[in-house]
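Residue numbers (the numbering used here), protein chains in the order written: chain A, 211 to 303; chain P, 211 to 303; chain F, 211 to 303; chain C, 211 to 303.
Wrong hints could be hidden among the right ones.
[What the hints assert, rightly or not] Distance condition first, Cα-Cα at most 27 angstroms in a straight line; then the derived DSSO-like pairs of lysine-lysine:
#, chain 1, residue 1, chain 2, residue 2
1, P, Lys-218, A, Lys-218
2, C, Lys-243, C, Lys-257
3, A, Lys-257, C, Lys-257
4, F, Lys-243, C, Lys-218
5, C, Lys-272, A, Lys-272
6, C, Lys-257, C, Lys-223
7, C, Lys-243, F, Lys-257
8, P, Lys-302, C, Lys-302
9, P, Lys-272, A, Lys-243
10, A, Lys-302, C, Lys-218
11, A, Lys-257, F, Lys-257
12, P, Lys-243, A, Lys-243
13, F, Lys-272, P, Lys-302
14, F, Lys-302, C, Lys-243
15, A, Lys-272, P, Lys-218
16, C, Lys-302, A, Lys-257
17, F, Lys-302, P, Lys-302
18, C, Lys-257, C, Lys-272
19, F, Lys-302, A, Lys-243
20, P, Lys-257, A, Lys-257
21, P, Lys-243, A, Lys-218
22, P, Lys-218, A, Lys-243
23, F, Lys-243, C, Lys-302
24, A, Lys-302, C, Lys-272
25, C, Lys-243, F, Lys-272
26, F, Lys-218, P, Lys-302
27, A, Lys-218, C, Lys-302
28, C, Lys-272, F, Lys-223
29, A, Lys-257, A, Lys-218
30, P, Lys-257, P, Lys-243
31, F, Lys-272, F, Lys-243
32, F, Lys-223, C, Lys-302
33, P, Lys-218, P, Lys-257
34, C, Lys-223, F, Lys-223
35, F, Lys-257, F, Lys-272
[Unchecked claim] Derived, one-sided and incomplete: chain C residues facing chain F with beta-carbon distance under 8 angstroms:
#, residue
36, Tyr-221
37, Val-232
38, Ile-246
By construction, these hints were calculated from the structure, which means they are not laboratory data. For every residue, glycine included, the Cβ atom is placed at its ideal position computed from N, Cα and C.
4 protein chains.
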Amino acid sequence: MHGYTQDKDNYLKRLARIEGQVRGLARMIEEDKYCIDILTQVSAVTKGLQAVSLRLLDEHLKHCVAEALAEGGENADEKVREASEAIARLVKS
Amino acid sequence: MHGYTQDKDNYLKRLARIEGQVRGLARMIEEDKYCIDILTQVSAVTKGLQAVSLRLLDEHLKHCVAEALAEGGENADEKVREASEAIARLVKS
Amino acid sequence: MHGYTQDKDNYLKRLARIEGQVRGLARMIEEDKYCIDILTQVSAVTKGLQAVSLRLLDEHLKHCVAEALAEGGENADEKVREASEAIARLVKS
Amino acid sequence: MHGYTQDKDNYLKRLARIEGQVRGLARMIEEDKYCIDILTQVSAVTKGLQAVSLRLLDEHLKHCVAEALAEGGENADEKVREASEAIARLVKS
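With the rest of the complex left out, here is chain A (with noise of 0.2 angstroms):
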């Protein structure tokens, strides 16, 4: 189990709409619309993509580093450097 689980439907909710709007982007290529609206749409699946992002990784804190980190040790030390770097990949991205 993991810190998502309790939330699963949430998250595949928020997957879907962004798979159609992806969907939508390629339609709108399709369609010839207008280059800067094109942009437009792409950075509200940017953002989308971030607020799941976010999420997960505020859920994972609480749940899987939260539990290592009460446990001690050196999974305590493995987990945080793993959260480290994903928050780097998401920071960078």
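Chain A is fixed; fit chains P, F and C onto it per the hints.
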């Protein structure tokens, strides 16, 4: 016709791949995959979308904006303003 | 002369404020301030720099790139390529 | 004492370099340097600040948050909430 028109197939291929990756994210959630692995995959999707944006913007500058600037007048100013706003949205998202 | 030349004082004022904020960050570290408060302040500095970038880029498109495009030829292509690369660096940083 | 305390000199050195780079940006504006070269330099400063943020956050998770989680209770939840908000600010800036 827009900057991206001559390259439609390439954009559609990229977007189909991104759509598949988003579906893959939903599958990872359904199968209770590890949060950090899901986050890594979200970063990959975000990078893919970013590449689409930067390419669209480059073509937009090269075609739509370039034509408007060659003609001059109010439309030229408007096109540059619009491009600057799209860039700001990209940088902030 | 460049796009930003007529607005130099404004840029210099913004940069002087950013310089002061960076010195403020060093003081916060020296005085053992709370990490989260320092991070909040770093985000403020980053936002300030981002605003400078977006403004410089906007002026650059309006002046240097617009002039090159009005003249046409190889220099026009080169200017657009260069602007696109600068936008990509901004978006990725 | 905070996560970064044992490493203060390193942070102060990095911030002194960033402060110098911001002064360098002002000098470039004063000397009418080419916009694209200024933008390249702004990206370098932003990257430097980002590295400071990511390191502060990593130390914060390893020390302040880890200690609060080891103790448990309300303070632990509060620390994780606070860290998640700081991460969101970083990702969005």
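Hint-by-hint comparison with the structure:
1. P/Lys-218 with A/Lys-218: violated (35 angstroms)
2. C/Lys-243 with C/Lys-257: holds (21 angstroms)
3. A/Lys-257 with C/Lys-257: holds (22 angstroms)
4. F/Lys-243 with C/Lys-218: Answer holds: F/Lys-243 to C/Lys-218 is near 12 angstroms, not above 27 angstroms.
5. C/Lys-272 with A/Lys-272: Since the Cα atoms of C/Lys-272 and A/Lys-272 sit roughly 14 angstroms apart, the hinted pair holds (cutoff 27 angstroms).
6. C/Lys-257 with C/Lys-223: Between C/Lys-257 and C/Lys-223 the Cα gap is close to 15 angstroms, so the pair holds against 27 angstroms.
7. C/Lys-243 with F/Lys-257: Given that 27 angstroms is the threshold and the Cα spacing comes to 23 angstroms, the pair holds.
8. P/Lys-302 with C/Lys-302: holds (7 angstroms)
9. P/Lys-272 with A/Lys-243: Roughly 17 angstroms separates the two Cα atoms, so the pair holds.
10. A/Lys-302 with C/Lys-218: holds (24 angstroms)
11. A/Lys-257 with F/Lys-257: holds (18 angstroms)
12. P/Lys-243 with A/Lys-243: violated (37 angstroms)
13. F/Lys-272 with P/Lys-302: holds (21 angstroms)
14. F/Lys-302 with C/Lys-243: Satisfied, since the Cα-Cα distance of roughly 23 angstroms is no more than 27 angstroms.
15. A/Lys-272 with P/Lys-218: Violated: A/Lys-272 and P/Lys-218 sit about 44 angstroms apart, past 27 angstroms.
16. C/Lys-302 with A/Lys-257: Given pair C/Lys-302, A/Lys-257 holds - Cα atoms ~9 angstroms apart, limit 27 angstroms.
17. F/Lys-302 with P/Lys-302: holds (10 angstroms)
18. C/Lys-257 with C/Lys-272: holds (23 angstroms)
19. F/Lys-302 with A/Lys-243: Measuring from Cα to Cα gives roughly 26 angstroms; hence the hint holds.
20. P/Lys-257 with A/Lys-257: At roughly 13 angstroms apart (the allowed maximum being 27 angstroms), A/Lys-257 and P/Lys-257 satisfy the hint.
21. P/Lys-243 with A/Lys-218: The given pair, whose Cα atoms are some 12 angstroms apart, holds under the 27 angstroms limit.
22. P/Lys-218 with A/Lys-243: Given that 27 angstroms is the threshold and the Cα spacing comes to 12 angstroms, the pair holds.
23. F/Lys-243 with C/Lys-302: Within the cut-off at roughly 23 angstroms; holds.
24. A/Lys-302 with C/Lys-272: Answer holds: A/Lys-302 to C/Lys-272 is near 21 angstroms, not above 27 angstroms.
25. C/Lys-243 with F/Lys-272: Satisfied, since the Cα-Cα distance of roughly 17 angstroms is no more than 27 angstroms.
26. F/Lys-218 with P/Lys-302: Given that 27 angstroms is the threshold and the Cα spacing comes to 24 angstroms, the pair holds.
27. A/Lys-218 with C/Lys-302: holds (24 angstroms)
28. C/Lys-272 with F/Lys-223: Not satisfied, since the Cα-Cα distance of roughly 38 angstroms exceeds 27 angstroms.
29. A/Lys-257 with A/Lys-218: holds (19 angstroms)
30. P/Lys-257 with P/Lys-243: Given pair P/Lys-257, P/Lys-243 holds - Cα atoms ~21 angstroms apart, limit 27 angstroms.
31. F/Lys-272 with F/Lys-243: violated (43 angstroms)
32. F/Lys-223 with C/Lys-302: holds (25 angstroms)
33. P/Lys-218 with P/Lys-257: holds (19 angstroms)
34. C/Lys-223 with F/Lys-223: holds (25 angstroms)
35. F/Lys-257 with F/Lys-272: holds (23 angstroms)
36. Tyr-221: This interface hint holds because 5 angstroms falls under the 8 angstroms limit.
37. Val-232: Hint holds; C/Val-232 Cβ to chain F Cβ min 5 angstroms, cut 8 angstroms.
38. Ile-246: This interface hint holds because 5 angstroms falls under the 8 angstroms limit.
Hints 1, 12, 15, 28, 31 from the list above are not met by this structure, while the remaining hints are.
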